[in-house]
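A.B. asks: Take these sequences, add in the hints, and give me the full structure.
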Amino acid sequence: MSAIHLQVKIHRSAFKLDLDLQLPGQGITAIFGPSGSGKTTLLRAVAGLEKNQQGLIQIGEHIWQDTQQGVYLPTWQRPLGYVFQESSLLPHLSVTDNLNFGLKRVLKSAGSAQSDAAKALQASIELLGIGSLLQRMPTELSGGERQRVAIARAIAMQPQLLLMDEPLASLDAARRQEIFPWLSKLRDELKMPMLYVTHSAEEVTRLADHLVVLAQGQVKAQGPVSAVLTQVVNPVVVGEDAGALIEGRIGEVDGQWHLSRVDFDGGCVWMRDAGLPVGKAVRIRILARDVSLATSEPQNTSIQNQLLGTIQSITPDAHPSQVMVVLKCGAEEVLARVTKRAVDELALQVGQPVWAQVKSVALVA
Amino acid sequence: MILTPDSWQAIQLTVALATSTTLILLILATPLGWWLSQTQSAWRAPIHALVTLPLVLPPSVLGFYLLIVMGPQGPLGQFTQAMGWGVLSFTFTGLLIGSILFSLPFAVQPLQHAFDAMGPRPMEVAATLRASPLDAFFSVALPLAKPGMVTAAILTFAHTVGEFGVVLMIGGNIPGKTSVVSTEIYGHVEAMEYAQAHVLAAGMLAFSFVVLLALALMNRRQRQVA
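Top to bottom, those sequences are chains A and B. For the first sequence, our numbering gives the first residue as 1, with consecutive numbering after it. For the second sequence, our numbering gives the first residue as 1, with consecutive numbering after it.
Simulated from the structure, these hints should not be mistaken for lab results. Accuracy of the hints is not assured; some may be wrong.
Just a sample of chain A residues kept apart from chain B, beta carbon distances all over 10 Å, derived [as the list claims (entries may be wrong)]:
#1 Asp116
#2 Gln122
#3 Ala294
#4 Ala331
Here are the simulated lysine-lysine pairs, DSSO-like style, with alpha carbons at most 30 Å apart [as the list claims (entries may be wrong)]:
#5 Lys359(A) to Lys280(A)
#6 Lys191(A) to Lys104(A)
#7 Lys51(A) to Lys104(A)
#8 Lys108(A) to Lys146(B)
#9 Lys191(A) to Lys9(A)
#10 Lys104(A) to Lys146(B)
Just so it is clear, CB atoms sit at the ideal spot from N, CA and C, and this is done for glycine as well.
C.D. replies: This is how it looks when you write it as structure tokens:
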């Protein structure tokens with residue numbers, strides 16, 4: 001998979017978007033930022049829905065826009081899928097007709113066989129579990145069902161790039177939980193790259209592989225999600241929710257104590273058994289406030305999880321009494337929020353090996 | 001009560017005129033309403049005012065100018081004469097042109113409102129689903145504007161049936177040629193034939209009420225669906 005190159009410049013009276021991004025050609029790239037940071041405008045510019053701009057939009061070898069060469073494909077000629085924030089099903093068409101709307105036109109221009117269409121359609125229906133909704137009209141669906149149909153409609157066209165604009169923002173918490181598994185499944189099963197706009201840290205930690213942080217129309221940070229999340233300079237999640245995101249695998253399940261062990265590059269931690277089988281890939285989150293530090297291996301403690309790491313940085317935190325310590329444990333980074341006095345008493349320094357005691361581990365995906 | 005042959009002809013002519021006007025206006029007003037709802041051109045305001053003009057002008061003013069334009073000395077009259085079509089005033093074609101202009105706002109406004117109410121999102125969705133603008137207009141905008149189109153058709157038809165001033169000015173109430181129900185009633189009253197006038201007048205009253213009732217019922221059903 002080749003990469004995505006986005007150069008977007010939009011200047012308006014009250015708003016300026018100016019960025020140059022190289023993004024991986026696969027997985028979910030989350031575009032994260034507060035409202036007004038230009039996330040949606042960026043997505044619309046990639047789709048060609050926002051015209052007032054200049055720059056370069058290149059997906060693999062395909063150039064959708066290049067103002068220097070005078071190339072500009074209108075939206076309908078860009079092989080993309082777009083999921084809008086609110087329900088965007090065409091209200092006069094049934095679910096089936098909505099699903100077929102784009103697919104039919106893709107086939108007509110590509111000249112592919114009908115059987116391919118039927119296969120692509122069936123696959124997307126199964127992937128999003130909407131088989132029982134096909135005959136219904138959009139008004140007869142719940143908000144979550146509508147978004148699932150909208151996602152299926154987009155991926156049935158097998159686009160080169162899937163754009164999702166806060167697809168969960170219009171849903172309540174329960175509906176959101178209902179859609180999460182489908183989105184994780186998309187990420188794991190589809191090859192196509194996705195740009196996922198969100199202002200929710202939860203969605204970032206659960207879904208994203210790559211993260212771009214926007215503020216006031218500019219890129220504040222970007223990179224693999226676990227690296228960006230542990231950045232202390234431009235924290236994505238601040239306050240009580242700051243912490244590390246670690247990818248690992250279930251290494252062992254201890255039935256007697258209802259615990260399972262997650263192995264990752266840099267150590268292992270035990271967490272509550274969530275019924276996942278050995279070998280299953282998981283994401284866990286260790287919040288900075290749940291990590292304490294010790295200069296020697298702690299003995300006789302109730303804390304089950306201890307990780308050996310090296311201090312990478314010590315940065316002041318929001319409150320003057322606190323500091324954020326970043327540890328390198330193997331390939332992963334772990335954050336610890338401790339008091340300045342503790343750092344002073346233990347004489348902690350960058351490069352020093354320390355034991356991190358992890359009080360709690362949360363499974364996010 | 002029996003209708004005179006002239007009254008029958010007037011009814012037939014009225015229906016023919018209203019039907020032709022409605023069909024032609026739907027074809028003209030749909031792109032015009034779409035343009036008015038979408039454009040950001042500086043021409044929007046003046047064109048909108050022009051389209052709305054027949055709503056406020058006395059029909060006699062419109063009829064007067066049309067008479068002059070279509071007459072032997074008028075620009076349109078000279079053109080039609082040069083083409084060998086003769087003069088359009090006091091003909092069915094002339095009447096049709098007058099009706100179309102007179103009912104223009106009744107066709108354009110419901111359509112424009114329907115397109116406005118749709119918002120930009122459905123067309124954007126269609127574009128992300130590979131529909132070209134023309135394709136999206138026919139497969140998304142028109143179906144979504146269907147209620148507006150039905151309203152436009154009913155209003156145009158009813159308004160054409162009810163017009164009087166323009167018809168009298170351009171058509172001149174010639175039996176069998178340009179005499180429609182409204183002018184026929186006027187003729188009967190002038191001739192003191194109140195019985196004949198009653199039949200036609202009561203018929204118009206009933207027709208207008210039924211049309212407005214149908215519109216109201218339709219609007220209520222739509223609100224329930226939406």
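A.B. asks: Check each numbered hint from earlier against the structure, then list the numbers of those it violates in ascending order.
C.D. replies: Per hint list: zero violations.
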